[in-house]
Amino acid sequence: MDWSQLRTILWLRWRLSRNQWARGGRLNAVLTIVVAVVLFLLGAAGGIAGLLAGTFALSKASPPVMLLVWDLIVGTFLLLWLAGIVSEIQRSETIDIGRLLHLPISLRSIFLINYVASHLTFSIILFLPGMLGLSVGLILGGRGFMTLMFPLALGVVFMITAWTYCLRGWLVTLMMNKRRRRTIIAGVTFAFILLAQLPYILGNLMDDHKRHRPKPVQSVESDQRTATRPGSGDRTGVPHAVLLAHKVVPFLWVGNGAMSLAAGNIWPAVMGAAGAFLLGGLGLRRAYRSTLRFYQGQTAGNRSKRRPKAEKLTGKGKNLIERQLPGAPEEAAASALAFFRCLTRAPEVKMVLGTNFIMLLIFGTMIFVRRSASIGDNFRPFVATGAVAFMFLSLSQLMFNLFGFDRGGFRQLVLLPVPRKHILLGKNLAFLPVAAGIGAIFLLLIKIAMGISFVIVIAAGLQLLAAFLLLSMVGNLISVLLPYRIAPGSLKRTKSSTKTSILIFVSRMFFPMVIAPIFFPPAMGLLWSSVRWLPAAPVNLFFSVALLAALVVFYRLSLSNLGRLMQRREKEILEVVTQEVE
Amino acid sequence: MADLTRPLPFRSCAGRLTSRMTLAIETNGLTRYFGDLCAVDRLDLRVEAGKFYGFLGPNGAGKSTTIKMLTGLLAPTQGTMRILGQDVGDIEVAREVKRRIGVVPEELALFDNLTAREYLTFIGRMYRLPKATVRDRREELLVMMGLDSEDKKLTLEYSHGMKKKLTLAAALIPNPDLLFLDEPFEGVDAVSSRVLRDTLKRCVQRGATVFLTSHVLEIVEKLCTDVGIIAEGKLVHQGTMDEIRQSGSLEERFLEAVGSDHIERQTLSWLEG
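Protein chains in written order, with the numbering used here: chain A, 361 to 942; chain B, 1051 to 1323.
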């Protein structure tokens, strides 16, 4: 590629970005500039902080401290880097190679431009100056051989970015099947959430284990013996397993190199830097080859004669949409069953529901393992009600944007000769089995873990229905007034204006207020039992029944009005939730 | 492969339109602005019931905007519309009119996570068709469109042509009195296109009205009884195909209406001898 072509390609990229900003409006452009400036300042601050820390705080640091510091930096960088990948799993090319394949230009150059541009991420801008600043600071602090930290840190960053670039390219080929694409996006996101929360869950469990384990009586002498025992580590006191891990796991080579340099040994740093650049080079070469194969249609997916598993669909439940729902109007029943079918098939929805269980694990281990003994009998009904409220927290993401998930399908809803209140009823009913199913599991687990009475469980079940009606009413209103478009294959908001984004954020803040009435029955139970009029459980049950009855009436009354409101606003909603024809 | 000669088991449309109502579509001063851009400018359409009406125009002329307004997908800035003799300005009336129309919009209207069979069942039920009718029509439409073997796929996995065919099937399932088809043949294979043309002809023979937009003049010439030409948002020609044939071909009339002098000026200087 000659200079003129390169300049044209860069101009194209700039023009595309500029047009995109122009379409987003002035406010959007201003916010983008502000974010860019803040990022630049953060990067500069990171560099200066690293420089100062290296010069003054870490100039005399021991090898294990160096190991710890660099491990922390690399670990945090990796975490943010992975978070960035999750937010955009499929590699988005700065310049779409597919659109330039027919032009007489070098694809390798475009690939390299795309790869270099992929470094413009929050994590790199924030951490790379910090790493480099720290290296300079360590040199200024009097450790000249710390110069080797430059190639080592850069090499490891290069290795990480090259291999993730390769991984994302591979995911693109896998995601050519649209259905598999959604599953991968949901799966990777779910795995990342679980991975990020795993240390916390394990920490909780280990804390509990430690607290319950009798402390062994050990003399100072035996402690010293243990420290010097072969296999417990080297002279630095770092356990042997940790040292081994730092030799084997490539992204830990930075910490290993820093520790060795602090101890006066340059070879681990030299070898680490060489290895990182070599691995990075291999990753980039592989990424280039797979990119070319992808754009030229030589993907594994094309070669495979095996029908992808994801395409197979069992005949089970294929007549679900034909079924009747007792008491529901024909159109509402058809809508409820069709929307329920859509919900259960969407990986992004499964991911939202899966998050419920991760949260249950986290809070479950926190509450039940660590503090269950300290929760008094009077307050246990609140845990059941709280679990119900908590479950709806993630579900509200879908219930507050009923039409965003329909995308182009909403156009069909507008064309249908159906009273809109029946569509709203159908949409709401589609969530009922999901909410009831998850809620039942939650309550069962709480019943087992905390030993609450059946009356409380039944009361909490009624509160679940009450919460469902409350959120359905508020969700219907917000969905009609404040719809937003969701990116295909995810629940991520896309192309919404800054004003809408702020309003959506504010509306989410109302969630605690919306859900608050379901705490009224257990509160009444607590009040009545505290003044010794009646036991808490039957009072809780009675008020739960009364609350549910009142909400059924309110819901029925609200449905017609909200249906009319939807009818009036459906063209505006359509404009927002459907994809533009590009 | 669908049997092209076998008629669909639709009830006859003939006679359902009252003699009083002769216009299936009537618009007066229909106008739509997008910001400062006037996409449709004081359109006065008259489409008689039982006609196969071709609505033609260059890209960006306002064809899809007009269909969107007529079908209730887009609100007009000004003007009135009567569909099947009813003033659709009233929301309740508009909903009842929707019961009697079928639409294939420009941007398709499918739910990603349903199969074709499920989607047609959903549409049939929403039109309150009896269960047996939904089942029969659904199966015939799936066979006719060649989608019966694709039952295990979600519409998400369909190609553009398959999506188009499914949307057409959904528009046909209620056996409507009036069909709005925005570029129905775009992306549809030759076999399905032939099946579709025959089906639409049969609908018109039975008394239904078809309002169709297409870029392919040959299709319009073969199928349509009446033609309207729109250019820059204005209706520049409206008449029957017979009138057009008397004075030449549809292409000539179309170029004349949208401005053929434009073509003569389109030359490339470096290709000149």
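These aren't lab readings, by the way, just hints derived from the structure by calculation. Beta carbons are placed, not taken as given, at the ideal position from N, Cα and C, and that holds for glycine. Don't take each hint at face value.
[Unchecked claim] Taking CB as the label site, the calculated pair distances span:
no. : chain 1 : residue 1 : chain 2 : residue 2 : range
1   : A       : LEU439    : B       : ARG1247   : 36 to 46 Å
2   : A       : ILE465    : B       : GLU1293   : 20 to 30 Å
3   : A       : SER920    : B       : TYR1083   : 28 to 38 Å
4   : B       : TYR1083   : A       : LEU480    : 34 to 44 Å
[As the list claims (entries may be wrong)] Dumping the calculated DSSO-like pairs for lysine-lysine here, alpha-carbon to alpha-carbon at most 27 Å:
no. : chain 1 : residue 1 : chain 2 : residue 2
5   : B       : LYS1251   : A       : LYS855
6   : A       : LYS931    : B       : LYS1213
7   : B       : LYS1213   : A       : LYS710
8   : B       : LYS1213   : B       : LYS1251
9   : B       : LYS1203   : A       : LYS852
10  : B       : LYS1203   : A       : LYS710
11  : A       : LYS931    : B       : LYS1251
Next on the checklist: Quick check: does the Cβ-Cβ distance between ILE465 of chain A and GLU1293 of chain B fall within 20 to 30 Å?
Outcome noted: violated, 54 Å
Checklist entry - Given the proposed pairing of LYS1213 of chain B with LYS710 of chain A, does the C-alpha separation stay at or below 27 Å? => result holds, 25 Å
Checklist entry - Would the pair LYS931 of chain A and LYS1213 of chain B pass a check requiring their Cα atoms to be no farther apart than 27 Å? => result holds, 23 Å
Item to check | Pair hint LYS1203 of chain B and LYS852 of chain A, alpha-carbon separation not exceeding 27 Å | outcome: holds, 25 Å
Checklist entry - Is LYS1203 of chain B close enough to LYS710 of chain A, meaning Cα to Cα at most 27 Å? => result Roughly 19 Å separates the two Cα atoms, so the pair holds.
Checklist entry - Lying within 36 to 46 Å: is that true of the beta-carbon distance LEU439 of chain A to ARG1247 of chain B? => result Violated, since LEU439 of chain A and ARG1247 of chain B (Cβ atoms, about 59 Å apart) do not stay within the stated range.
Next on the checklist: Given a hint of 34 to 44 Å, does the C-beta separation of TYR1083 of chain B and LEU480 of chain A actually sit inside it?
Outcome noted: holds, 40 Å
Checklist entry - Within a Cα-Cα threshold of 27 Å, do LYS1213 of chain B and LYS1251 of chain B meet the stated pairing? => result It holds: about 22 Å lies between the C-alpha atoms, which stays within 27 Å.
Checklist entry - Is the hinted range of 28 to 38 Å satisfied by the C-beta distance from SER920 of chain A to TYR1083 of chain B? => result For SER920 of chain A and TYR1083 of chain B the Cβ distance comes to about 33 Å; the hint holds.
Next on the checklist: So if I understand the rule, the pair passes when the alpha-carbon distance is 27 Å or less; does LYS931 of chain A with LYS1251 of chain B pass?
Outcome noted: Distance of about 32 Å is beyond 27 Å: violated.
Item to check | Given pair status - LYS855 of chain A, LYS1251 of chain B, alpha carbons within 27 Å | outcome: It is violated: about 42 Å lies between the C-alpha atoms, which goes past 27 Å.
The structure fails to meet hints 1, 2, 5, 11 from the earlier list, while all remaining hints are met.
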